[in-house]
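S.K.: Each chain, written out:
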Amino acid sequence: MAEREMKKRSAPSARESEETQPQDASSKNKEGEELKAKLDAVLDEIDEVLEDNAEEFVRNYVQKGGE
Amino acid sequence: MSIPKVCGIETEYGITMPKTADANPITASSMLINAFVNEISGKVGWDFVDEAPGHDARGFNLEGSLPPEVETHLVNTVLTNGARFYVDHAHPEYSSPECLNPKEAVLYDKAGELVLRKAMSAAKRALPNEQEIVVYKNNSDRKGNSYGCHENYIMDRQVPFNKIARQITPFFVTRQIFCGSGKVGSEFPNIPKWEVPFQISQRADFFEEVVGLETTLKRPIVNTRDEPHADATRYRRLHVILGDANMSQFSSYLKLGTTALVLSMIEDSFLDDSDLAIEDPVESLRKVSWDLSLSVPLRRVSGGSISALDLQWEFLRLAQKYANQRGTEVVGGDDFGDEILQGWEETLQALEADPMSLADRLDWVAKYQLVLGYMDRHGLEWDDPKLAAIDLQYHDIRPEKSLFYRLGVRSLWSDLEAEEATHSPPRGTRAYFRGKCLEKYPRNVAAANWDSIIFDLGRDPLRRVPMMDPLRGTAKHVDALLERCNTAQELLDALGT
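Chains as they are written, first to last, in my numbering: chain U, 1 to 67; chain B, 1001 to 1497.
Keep in mind that the hints were calculated from the coordinates and are not lab data. Hints are not guaranteed to be accurate.
Said to hold, decoys possible - The list that follows gives simulated cross-link-like pairs (lysine-lysine, BS3-like), each with its CA atoms no further than 27 Å apart:
#1 B:1287 to B:1163
#2 B:1287 to B:1143
#3 B:1401 to B:1118
#4 U:64 to B:1401
#5 B:1124 to B:1218
#6 B:1401 to B:1124
#7 U:64 to B:1143
#8 B:1440 to B:1476
#9 U:64 to B:1019
#10 B:1118 to U:64
#11 U:64 to B:1193
#12 B:1401 to B:1019
#13 B:1193 to B:1163
#14 B:1401 to U:38
#15 B:1476 to B:1401
#16 B:1019 to B:1143
#17 B:1143 to B:1193
#18 B:1118 to B:1321
#19 B:1124 to B:1019
#20 B:1321 to U:64
#21 B:1218 to U:64
#22 U:36 to B:1476
#23 B:1019 to B:1118
#24 B:1321 to B:1163
Unchecked claim - Here are the in silico distance ranges between beta carbons for each label pair:
#25 B:1132 to U:41: 20 to 30 Å
#26 U:26 to B:1209: 47 to 57 Å
#27 B:1417 to U:60: 12 to 22 Å
Quick reminder that beta carbons are idealized off the backbone N, C-alpha and C, glycines included.
Required output: the full structure, derived from the provided sequences and hints.
M.R.: Following this line, the structure appears as structure tokens:
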């Protein structure tokens, strides 16, 4: 672990420069909120999309091996 | 020495006929592909002369002891995008054409989803009584039966196979932290349900060996099938069987891009002095898949231990050093190389800081957050069948039923580009010649396979045009020729075959 910390410091990514960090943090928060909103929207409608009888659907999904 | 990583993805789809009692999966797969072929594409058969799935890269042959890879009486077709679409065992399989770089391979795998979608629609129109065939782009039926998503990478034949196997193993064991597709529960024998409520990989439960030839039993982390479909004195095709089928284009791109880079490093002896080996790779593969904290210690052969995440950091640092010293021509040039390295680094950083922030990119995270969100909303426990249903339906490729498509996971290629790729071949490999010949001379192409095309001119014996080099037969090589030749006869005359 210590070795990697050292390596990481010795090879910082260009995007980790100090000027860009605050912007990164706020855009990350925004991204996080967007992700959550998207997930909520999917959860709102998921029951309309899910197969009617989940138990039967899962039980009947039987495959022969492949490859 | 490293060579350009021509690559491709073979995807076997799970198949069901929900409204048909006792449907036979082999018949269903044949019907599906036939419906597509009859409706959309001209039918050209596959040629089996050069198929040899029993050749072992370790230097011996198991011909006769293995079932053939494909049963020749089953449906088998070649598409104008250079892909092969066929029945493999009891599944429909789409093998992408040979692609010049990992990003292009992702495009042609995505095009495969569209081909399967068209096939489902065509089958629905052809079948009586509202029966339908539905396919899933996943790797297990949750009852212990698994089917694969295989990657192929061309490699320099000079590099000893044992070295490739030894050096790629720790990478294969740990790359799943960004390219796993996620699974509710485990199919490993006798595992208590509470022990693995959710895991990173679809496939980790099914691997039993480190190195071997099999793909259906005692599956190995490194597969030794030695069937280059190219000049065997120069090339090796590394046939990778341990990956998950990805819905996320980003997961798929990282999977192929990082693997192509690491294979090039192995070819250039860049890892010879590195200390990356781990003990018990097969057990470690499962440990990594079952550990959502990404911190489970893996024992290093040299002593001490390391997590999957930290081992990936070590591979990344070496890859960055390699790219600085040697460039990344092998993955299509520096634009692609930089994109892969940057995506790899950002992903490892995010996995370290907050894995859930990758829900818009990685399959296992996207599926995990969906399952957690649903559990939370409805107060469910892990054994609720709804969660298993969500797991399966994540991999449904019908837009109206797919949970993946609803999540808005970021993509690399637009639907329009993927649609174009269902019929246009990649321009930078021999797939171009295959696809364009099928498009231009469909009546004269009797059969095709990866390394040749057989023409039937109606009077002479059939004539085979060999394509032993994946990097010849590109648009640059043959566009003018194809333009000039209005008939297959003219083409063959020009080629002197």
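S.K.: What hint numbers does the structure not satisfy?
M.R.: Failing hints, ascending: 5, 13, 15, 18, 20, 22, 27.
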